[in-house]
Amino acid sequence: MKNVLIGGIGNVLLGDDGVGPYIVRFLDAHYEFEPGVEIADLGTPALDLIDQISGRDAVILVDSVEVEAEPGTVQLYRKEDITRLTPQVRMDPHSPALVETLLAAEMFGKTPAEVLLVGIVPQSFEAGCALSDPVAEAVEAAVGKVLEELDHLGVGYRPKSQPDHITTWWASGISPEEPELSKA
Amino acid sequence: MAQRITIDPITRIEGHLRIDVEVDNNSVSNAWASCTMWRGIEKILRGRDPRDAWLFTQRFCGVCTTVHAMASVRSVEDALQLEVPLNAQYVRNLILIAHALHDHIVHFYQLSALDWVDILQIPKADPVATAKLAESLSPWTRNSKEEFKAAQDKVKAVAASGQLGIFTNGYWGHPAMKLSPEVNLLAFTHYVQALEYQRKALQVVGMLGGKTPHIQNLTVGGVANAIDLDSQSALSMDRLEMIRVLLGEVVQFIQQVYFVDVCAVAAMYPEWFKIGSGVKNYLAVPDLPLDTRGTSYDLPGGYIMNGNIGGTQPFKTAADAVFRQGVTEDVTHAYYQGDKPLHPWKGETEPEFTGWNGEQKYSWVKSPRFQGQPMQVGPLAQVLVGFAQGHPLTRKYAELALAKVSAIAGVNATPDLLHSTLGRHAARAIRAAMLSELADKHWQLLVDNIAKGDLSVHNPPVFNGHEVEGVGTHEAPRGTLSHWVVIKDGKIKNYQAVVPSTWNASPRDQNGAHGPYEASLLRTPLARPQEPLEVLRTIHSFDPCMACACHTFDPSGQQIAKVKVL
Numbered sequence: 001m002k003n004v005l006i007g008g009i010g011n012v013l014l015g016d017d018g019v020g021p022y023i024v025r026f027l028d029a030h031y032e033f034e035p036g037v038e039i040a041d042l043g044t045p046a047l048d049l050i051d052q053i054s055g056r057d058a059v060i061l062v063d064s065v066e067v068e069a070e071p072g073t074v075q076l077y078r079k080e081d082i083t084r085l086t087p088q089v090r091m092d093p094h095s096p097a098l099v100e101t102l103l104a105a106e107m108f109g110k111t112p113a114e115v116l117l118v119g120i121v122p123q124s125f126e127a128g129c130a131l132s133d134p135v136a137e138a139v140e141a142a143v144g145k146v147l148e149e150l151d152h153l154g155v156g157y158r159p160k161s162q163p164d165h166i167t168t169w170w171a172s173g174i175s176p177e178e179p180e181l182s183k184a
Numbered sequence: 001m002a003q004r005i006t007i008d009p010i011t012r013i014e015g016h017l018r019i020d021v022e023v024d025n026n027s028v029s030n031a032w033a034s035c036t037m038w039r040g041i042e043k044i045l046r047g048r049d050p051r052d053a054w055l056f057t058q059r060f061c062g063v064c065t066t067v068h069a070m071a072s073v074r075s076v077e078d079a080l081q082l083e084v085p086l087n088a089q090y091v092r093n094l095i096l097i098a099h100a101l102h103d104h105i106v107h108f109y110q111l112s113a114l115d116w117v118d119i120l121q122i123p124k125a126d127p128v129a130t131a132k133l134a135e136s137l138s139p140w141t142r143n144s145k146e147e148f149k150a151a152q153d154k155v156k157a158v159a160a161s162g163q164l165g166i167f168t169n170g171y172w173g174h175p176a177m178k179l180s181p182e183v184n185l186l187a188f189t190h191y192v193q194a195l196e197y198q199r200k201a202l203q204v205v206g207m208l209g210g211k212t213p214h215i216q217n218l219t220v221g222g223v224a225n226a227i228d229l230d231s232q233s234a235l236s237m238d239r240l241e242m243i244r245v246l247l248g249e250v251v252q253f254i255q256q257v258y259f260v261d262v263c264a265v266a267a268m269y270p271e272w273f274k275i276g277s278g279v280k281n282y283l284a285v286p287d288l289p290l291d292t293r294g295t296s297y298d299l300p301g302g303y304i305m306n307g308n309i310g311g312t313q314p315f316k317t318a319a320d321a322v323f324r325q326g327v328t329e330d331v332t333h334a335y336y337q338g339d340k341p342l343h344p345w346k347g348e349t350e351p352e353f354t355g356w357n358g359e360q361k362y363s364w365v366k367s368p369r370f371q372g373q374p375m376q377v378g379p380l381a382q383v384l385v386g387f388a389q390g391h392p393l394t395r396k397y398a399e400l401a402l403a404k405v406s407a408i409a410g411v412n413a414t415p416d417l418l419h420s421t422l423g424r425h426a427a428r429a430i431r432a433a434m435l436s437e438l439a440d441k442h443w444q445l446l447v448d449n450i451a452k453g454d455l456s457v458h459n460p461p462v463f464n465g466h467e468v469e470g471v472g473t474h475e476a477p478r479g480t481l482s483h484w485v486v487i488k489d490g491k492i493k494n495y496q497a498v499v500p501s502t503w504n505a506s507p508r509d510q511n512g513a514h515g516p517y518e519a520s521l522l523r524t525p526l527a528r529p530q531e532p533l534e535v536l537r538t539i540h541s542f543d544p545c546m547a548c549a550c551h552t553f554d555p556s557g558q559q560i561a562k563v564k565v566l
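So the sequences go chain by chain: P and C. The first sequence begins at 1 in this note's numbering and counts up one residue at a time. The second sequence begins at 1 in this note's numbering and counts up one residue at a time.
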């Protein structure tokens, strides 16, 4: 049994930054995964991400990425693509820190063998909004990339016969009645 | 001639802290603190059900999710005058303590220790001498030469690879770095160990809160933890026992490692007890309520004006009338519309971006003021107001810290030294030690109360059509947090969050008074203005949290912190 984390990163209150949490919610609603797979909405964890990824066999993170490309473009990054970057001199020690997290995990010998970042190019970070059209249209492709990675890892999953209903409670007038994704 | 230095971690999306300083003869002569992004998240709460607000507010910040959840439910409870059952108070208090211990450990080791510790000195250290030094300071069992050797080997391997990895971009070899190789190794070894103990503290938050990040157990009027000492699916004795064990390990780390390290490092940089004071008005709110109505607390609050410790005014409650009436926000130098300071219940958040102009508007942070004055918030404020009131637990650890610094440095360290950059680090360690003692106490209070047969965790809120106002406060790791809500017809009419970093990072106000970050930088000596390590030391001592909201990975990763000298 492989210990695999599928984690969505981003702030759901800020438009397309919520795409990571939305996609892991979508995966949880539509698929069943073999034991050992944990699906989590990680929010914007900064260095707390070290604890989430340490000791895993594999980690798949879904996040918005800032690159010069059309909104909705899906881009993949491997561990080496991330750790070759220069960590920040941070004014504000709570800044998001994916690069530092992986470097720290590497230094302390707990880095997962396989890390994939599925990145989606955002259009808008307006507070209180749902996903923009191009990003919403990219959800299916990004989900496909996560499933391909599971195939590559040899981790089993199957579609649910009756998908669960999901909402973007943060962007609608409704109450956030659904329980959050919880740790497996 | 004055040089202008801008420190601006440029990323395109995240809101960040930017500092501009003017330097004259290697000393800071003027300073501006600004935040580069507007969030305006509060506006999305209008029209929503007040019982849901906390689920949104805990997404304000990626790191301090819990604190915004807590302040939010407290604001609605204050508006409704709703009592909170004892069990719920204790469960909340345990969550707040565990979260704060996690946060203080991470702040010192992972986020600011390397402002003082020079990684490149570590290969020169003697692990045996380091162990001897460590044993003279603390009974911590993991101060063996084997532990030090293992940590040193990690650094040697990184240095030998030519790739500094996580340590790239530090100001290594800077003339303001003064620790011996052995003290550098000692602190770094504890940096590695700290990763384990902060995790244990966070596990406690997760066990009580359902998960982390984003706890799930709060509700307006209490908590949603079912209590049944014999059930595996509820808050049971087994689970409480696991929490006790985890907290015990964290408490030991705080008392035997963190507290000691801060005193030892501080004693070796005594000049930093004279740098970085700035605004000597201090504000803290009482926290860790001990009854259902919030009339007595384990952490004292109050305010101090102009450094006059003897004139400290206590707050009786977490929503004291003097506090409720005294807070305003000024937007003279912030990118918002408005021409006068407004009370948070009347607060507006209408953007008016004009670009950075140090004479006019230059920040997305408003200027919160108390009785018209800028106030410093954070552990230093809390320790000083407690110390002044003779609060026994505050005095115990403040005196212990001063005695340790005095013994190591061979000086007579007095409470006056706390108005400084190192004073803020020392106060955070003092507060952590206080909280570590209170962790045991509140665990016992919860267990004893359950043992009496009280299983109550929730009082249901009742809304009527009247317009009501409430303030929910929390003395968070970074200082006084307050959420201000106006409720009408059971819906949110207005909502404002006045967060600790807003108090400390505030720009000038209508009177031209500097905010605390700005004031603390004045007269700071810089050994090498092009490597402004000293500015980072003082700013980091406040534990700033600005990029509270938005995360985007930037795969170019090239340019991140720009230090521009003009």
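By construction, these hints were calculated from the structure, which means they are not laboratory data. All of these numbers come straight from a predicted model, not from anything done at the bench. Treat each hint with caution, since some may be false.
Stated by the list, open to error - Below, computed lysine-lysine pairings styled on PhoX-like, alpha-carbon distance capped at 20 Å:
(1) K145(P) with K2(P)
(2) K110(P) with K156(C)
(3) K110(P) with K200(C)
- Query: Looking back at the hints listed earlier, which ones does the structure fail to meet?
  - Reply: The structure conflicts with no hint, since it agrees with every one listed earlier.
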